[in-house]
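Taking the hints as your guide, dock the two standalone chains into a single complex.
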Amino acid sequence: NAGVTQTPKFQVLKTGQSMTLQCAQDMNHNSMYWYRQDPGMGLRLIYYSASEGTTDKGEVPNGYNVSRLNKREFSLRLESAAPSQTSVYFCASSPRDRSYNEQFFGPGTRLTVL
Amino acid sequence: AQSVTQLDSQVPVFEEAPVELRCNYSSSVSVYLFWYVQYPNQGLQLLLKYLSGSTLVESINGFEAEFNKSQTSFHLRKPSVHISDTAEYFCAVTKGGSYIPTFGRGTSLIVHP
Numbered sequence: 013n014a015g016v017t018q019t020p021k022f023q024v025l026k027t028g029q030s031m032t033l034q035c036a037q038d039m040n041h042n043s044m045y046w047y048r049q050d051p052g053m054g055l056r057l058i059y060y061s062a063s064e065g066t067t068d069k070g071e072v073p074n075g076y077n078v079s080r081l082n083k084r085e086f087s088l089r090l091e092s093a094a095p096s097q098t099s100v101y102f103c104a105s106s107p108r109d110r111s112y113n114e115q116f117f118g119p120g121t122r123l124t125v126l
Numbered sequence: 002a003q004s005v006t007q008l009d010s011q012v013p014v015f016e017e018a019p020v021e022l023r024c025n026y027s028s029s030v031s032v033y034l035f036w037y038v039q040y041p042n043q044g045l046q047l048l049l050k051y052l053s054g055s056t057l058v059e060s061i062n063g064f065e066a067e068f069n070k071s072q073t074s075f076h077l078r079k080p081s082v083h084i085s086d087t088a089e090y091f092c093a094v095t096k097g098g099s100y101i102p103t104f105g106r107g108t109s110l111i112v113h114p
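Top to bottom, those sequences are chains A and B.
Under the numbering used here, think of the first position of the first sequence as 13, with each following residue one higher.
Under the numbering used here, think of the first position of the second sequence as 2, with each following residue one higher.
Isolated chain B (complex conformation) (with noise of 0.2 Å):
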């Protein structure tokens, strides 16, 4: 069965610093790999996809994520925070052929001023 590793379950950072979230994924067959945000009190949003081609993708709000095969990774990361930023991120696999992510326990990301 698929598993989906978030290493971190929170991580506070200060405004305008850079950050990275980790996840880590168990399968090496062929996968999709999302990245979702949950602000407070709402329901999740995709930020983020990697379906194939070039390993780095971004989001329009500055975040960007690097699909690396070999270590079986899809971190996130962003440059400089913003207070806005604060929320719940989730990483998700789905396998090839499946139709059912697999979603980690998410990272809840602490902007502080």
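Just chain A, with the same shape it has in the complex (with noise of 0.2 Å):
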């Protein structure tokens, strides 16, 4: 099993182009979800899925759009990407049967935007 795959691991874009990155799970596990690390601040999470067809906003979802595509991918859309938004992306994913399930992440993506 690859577990949790993310792409692209390095993006360099430009203030107001835009992408998507893409994340997706083998493990079979209901919940997905993405967060952004920046230094000195941990984890915030952007937007999760608690299951197949639907989404949530976290606690830092402007400028961000998520799509779930299937049970096993989910994708983080930046429309008009701003420098503010450098950071390493991570996705991750959990079963959701216990709520002490743990995440399972991947290996990130590292974003730049100039």
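Mixed in with the good hints there might be a few duds.
Pairs of lysine to aspartate or glutamate, EDC-like flavour, derived with a Cα cap of 20 Å [claimed, not checked]:
hint, chain 1, residue 1, chain 2, residue 2
1, A, Lys83, A, Asp38
2, B, Lys79, B, Glu21
3, B, Lys50, B, Glu65
4, B, Lys96, A, Asp68
5, B, Lys79, B, Asp9
6, B, Lys50, B, Asp86
7, B, Lys50, A, Asp109
8, A, Lys21, A, Glu85
9, B, Lys79, B, Glu67
10, B, Lys96, A, Glu71
11, A, Lys83, A, Glu114
12, B, Lys79, B, Glu65
13, B, Lys50, A, Glu114
14, B, Lys96, A, Glu114
15, A, Lys21, A, Asp38
16, B, Lys96, B, Glu67
17, A, Lys26, A, Glu91
18, B, Lys96, A, Asp109
Bear in mind the hints are in silico, worked out from the structure with no lab data behind them.
Every value quoted in this text rests on a predicted model; they were computed, and no experiment measured them.
Below, the structure is given as structure tokens:
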């Protein structure tokens, strides 16, 4: 099993450009999450999908949109990138059959917006 | 709202010395507690978790954490660290009935030879 995979690993954008970060999991998990990690800020939840067909805002959703394409895939879209969105983005998944389930993380996407 | 405080942003220590990484949380209701580790340029992975029962939990690589309900703490300890333990460590808390964890800001453990 590959676990949680993310593409691309690195990306450089210019202000105003758009892009989609892809995430897929092969563990048959119900829930998927997008976080951003910034120095000194820890992990902040952008959006999550509790189950296929549903998505909800997290702590920092502004400037982002998501799509839960199917049970396996959860994408994050930046419609008009801004320098403040320079960050490392992590996708995670969780079974969601119990609230004490741990999360499984992908390797991350390092995004720089110039 | 739930909050998680990791009191030290950086902890430098020499190899083979003991270490404690501190974590406090705010909720007084039932919670599930986690420590995750992030090695350089990688994603987070679970180190250990407390669900119920014995308040002392251990990982396979020598870390342990103790749940202290009265002090709302879940500090991580290791009696003798190795260079390979150099990483970022995150404490996380999930409130019973919620599926969204709250993460602390992380503690960078730096092990010097």
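Results for each hint:
Using a Cα cut-off of 20 Å, the hinted pair A/Lys83 and A/Asp38 holds, with the two alpha carbons roughly 9 Å apart. Restraint check for B/Lys79 and B/Glu21: the C-alpha separation of about 7 Å stays at or below 20 Å, so the hint holds. A hinted pair counts as satisfied when its Cα atoms are at most 20 Å apart, and B/Lys50 with B/Glu65 qualifies at roughly 10 Å. Distance restraint check for B/Lys96 and A/Asp68: the Cα-Cα separation of roughly 18 Å lies within the 20 Å cut-off, and the hinted pair is therefore satisfied.
Proposed proximity of B/Lys79 and B/Asp9 is supported: the alpha carbons are some 16 Å apart, at most 20 Å. Between B/Lys50 and B/Asp86 the CA atoms are separated by roughly 18 Å; this keeps the pair inside 20 Å, and the hint holds. For the hint linking B/Lys50 to A/Asp109, the alpha-carbon distance of about 16 Å falls within 20 Å, and the restraint holds. For the hint linking A/Lys21 to A/Glu85, the alpha-carbon distance of about 16 Å falls within 20 Å, and the restraint holds.
A distance of roughly 12 Å separates the Cα atoms of B/Lys79 and B/Glu67; the hinted pair therefore holds under the 20 Å criterion. A distance of roughly 16 Å separates the Cα atoms of B/Lys96 and A/Glu71; the hinted pair therefore holds under the 20 Å criterion. Under the criterion of a C-alpha separation no larger than 20 Å, the hint pairing A/Lys83 with A/Glu114 is consistent with the structure, at around 18 Å. Note on B/Lys79 and B/Glu65: the hinted pairing holds, with a Cα-Cα distance of about 6 Å set against a maximum of 20 Å.
At roughly 8 Å between alpha-carbon atoms, B/Lys50 and A/Glu114 fall within 20 Å of each other, so this suggested pair holds. Between B/Lys96 and A/Glu114 the CA atoms are separated by roughly 13 Å; this keeps the pair inside 20 Å, and the hint holds. Among the hinted pairs, A/Lys21 with A/Asp38 is consistent with the structure: their alpha-carbon atoms are about 19 Å apart, no more than 20 Å. The suggested pairing of B/Lys96 with B/Glu67 holds, with an alpha-carbon distance near 18 Å, which does not exceed 20 Å.
Using a Cα cut-off of 20 Å, the hinted pair A/Lys26 and A/Glu91 holds, with the two alpha carbons roughly 12 Å apart. A hinted pair counts as satisfied when its Cα atoms are at most 20 Å apart, and B/Lys96 with A/Asp109 qualifies at roughly 14 Å.
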